[in-house]
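Protein chains in written order, with our numbering: chain U, 584 to 914; chain W, 584 to 914.
Heads up, some of the hints might be wrong.
Claimed, not checked - One side only, chain U facing chain W, incomplete, derived with CB under 8 Å:
| # | residue |
| --- | --- |
| 1 | Leu596 |
| 2 | His769 |
| 3 | Leu770 |
| 4 | Leu887 |
| 5 | Arg893 |
Quick caveat, the hints were computed from the structure, so don't treat them as lab data.
Beta carbons: idealized from backbone N, C-alpha and C, even for Gly.
So the chains spell out like this:
Protein chains: 2
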Amino acid sequence: MDARDARWLGASLALAERGVGRTSPNPSVGCVIVANGRVVGRGWTQPGGRPHAEAVALAAAGDAARGATAYVTLEPCAHISTRGPACSDLLIAAGVARVVTSGIDPDPRTAGAGVARLRAAGIVVDVAAPALAAAAERVNPGFFTRHRHGRAHITLKLAVSLDGCIALADGTSRWITGAAARRHAHLERARCDLIIVGGGTLTADDPALDVRLDGLEDRAPQRAVLSATLEAIPAEARIGDARLLRDLSDLDADPRILAVLVEGGAGVATSLLTADRVDRLLIYRAPIIIGGRRGIGDLCLTDLGSAHGRWRLAAALTLGFDRVEEYDRVR
Amino acid sequence: MDARDARWLGASLALAERGVGRTSPNPSVGCVIVANGRVVGRGWTQPGGRPHAEAVALAAAGDAARGATAYVTLEPCAHISTRGPACSDLLIAAGVARVVTSGIDPDPRTAGAGVARLRAAGIVVDVAAPALAAAAERVNPGFFTRHRHGRAHITLKLAVSLDGCIALADGTSRWITGAAARRHAHLERARCDLIIVGGGTLTADDPALDVRLDGLEDRAPQRAVLSATLEAIPAEARIGDARLLRDLSDLDADPRILAVLVEGGAGVATSLLTADRVDRLLIYRAPIIIGGRRGIGDLCLTDLGSAHGRWRLAAALTLGFDRVEEYDRVR
């Protein structure tokens with residue numbers, strides 16, 4: 584693999600982003616097919632999970648795929664489904680000379696078998712270095728967490744002031760952040776499978792939890808209320824189709840739920856952090872001082888050293904006057 | 584003024600930085616003298632405030648100053664002191680053809696008189712645009728605040744976690760940030776005239792409030808304890824030479840105190856913010872979640888809209904795993 588390969592893999596990663604939020608329980612994968620330095624086909628996982636990225640790209644490339652290199656953000660699958668053939672078989676049949684992939688599929692039905700099958704057919708297969716694999720995994724964190732740990736991947740979203748507050752002392756929280764940050768947060772909703780709020784937030788804020796972005800209005804994910812005391816939530820406050828959860832166990836048991844976005848409030852955030860169930864922090868921070876209600880309650884830490892080394896900054900972006908930072912839990 | 588002028592003014596600003604913290608009640612000024620595109624002299628305000636930057640730069644340039652351009656980060660002074668001649672007279676005597684300055688001196692003894700005297704002598708004087716003036720003012724915020732508002736300039740320093748905490752629930756605060764951030768904070772001490780802590784921080788942490796940086800050990804500024812209840816501070820907890828303050832009024836009355844750094848704790852921070860006496864926030868933020876003791880208490884805001892538009896991000900820097908952000912109060 585050289586720098587040119589890394590660039591093409593980056594292009595396929597950008598394509599993979601297009602399917603995020605519409606492919607669960609499948610991952611969203613991107614693929615570009617390159618012949619003589621030119622793209623002859625590209626594809627990404629289609630809504631519902633099929634066709635796969637490789638099938639789309641190969642169909643676009645046609646005969647031009649013969650002798651070409653396919654860049655794929657996940658190991659081509661080795662399992663035949665009623666919904667389509669195995670991508671490794673498709674790549675072999677198309678006469679591709681080389682496959683470059685970001686990493687190995689954690690799905691036990693493939694898990695290296697795709698690469699083995701390609702190599703057995705005489706195709707050169709390069710698997711990217713860990714840094715590129717990590718970038719690819721960040722596109723489908725729920726998929727990797729589900730297969731590696733048997734549970735849902737949880738992002739905790741916070742919209743905070745510089746002093747870590749999420750509301751005035753009286754509970755007012757509209758608005759901490761500006762319009763650009765709020766739009767970004769709506770896009771995050773469209774990328775997940777389920778949104779969770781606590782009972783208190785549901786009752787106090789009556790949030791719609793939908794995706795209010797032009798062209799994405801139909802992308803609102805499932806919603807759920809997480810509350811130790813569900814019966815305390817007034818019936819009229821409940822979002823029509825929301826799931827009611829006393830804890831996360833039935834979400835973890837549901838293989839269709841990969842990526843979960845937790846939107847508050849402080850009670851839910853505190854209990855998930857205490858249970859070490861937050862995999863990613865999504866922090867929108869506004870340049871204001873509130874001195875009001877904090878976003879995270881008492882975690883009862885007794886050792887400051889233990890707080891360090893747990894979170895790694897993965898991305899940061901300026902949005903108007905605000906800044907969004909993403910931190911991944913180091914595991 | 585063109586882009587080349589702005590670049591030379593930037594170079595003189597970098598020289599001005601060298602004197603910061605050692606010139607009060609004078610500002611720290613930088614000067615470069617340029618002839619035919621080459622620097623023939625440079626200087627910055629010397630410890631104690633004299634000689635001035637222009638005097639140093641002119642002495643270095645000698646005859647080469649004749650017909651040259653002098654770039655100065657503040658209007659050359661027009662007042663003759665027992666400690667030295669007026670810089671505008673020195674520039675005229677040296678035969679400088681042109682003076683470019685960042686802005687007008689707020690000191691009433693000059694306040695435009697320097698520019699007028701230079702122009703009367705036939706020297707071309709250009710005063711920089713507001714953006715460059717603002718950059719120059721940020722080098723000496725205490726000097727400008729003192730002359731414009733008759734009071735000290737206050738920086739509130741906070742070392743916080745992502746959730747805005749400054750300590751565990753039990754008060755442990757060593758360490759939130761890493762070594763690089765703490766060294767940066769020590770450098771900030773060397774840049775101010777006085778450090779303030781609250782009585783609680785003094786009693787609990789017994790902070791040395793010195794400058795523990797190689798070569799800068801002698802740069803510890805004056806120290807003060809700000810507490811509404813001074814008698815509650817045990818005598819043995821008091822830092823030897825620290826001033827004891829019940830409020831800020833005697834600091835504001837002392838013309839030698841320009842820049843003040845407040846290092847905590849939450850009580851002092853909250854009261855200064857409530858009184859709108861914080862001119863600059865210096866926030867060191869570590870990528871950790873603490874869920875402990877907050878850095879800022881209840882500000883009793885009743886209108887979230889009023890929290891917006893008060894703070895402007897002026898600078899940000901990554902220091903190891905931490906990030907430091909500087910916000911100026913928009914006035």
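Tested hints:
Annotation: interface hint on leucine 596/U violated; nearest CB of chain W at approximately 25 Å, more than 8 Å. For histidine 769/U, the interface hint is violated, since its Cβ never comes within 8 Å of a Cβ in chain W; the closest pair sits about 20 Å apart. Taking 8 Å as the C-beta cut-off, the interface hint given for leucine 770/U is violated, the closest approach to chain W being about 22 Å. Look at leucine 887/U: its Cβ gets to within about 5 Å of chain W, closer than 8 Å, so that hint holds up.
Satisfaction of the interface hint for arginine 893/U is found here, the shortest Cβ-Cβ separation to chain W being roughly 7 Å, below the 8 Å cut-off.
Hint violations for this structure: numbers 1, 2 and 3, all remaining hints satisfied.
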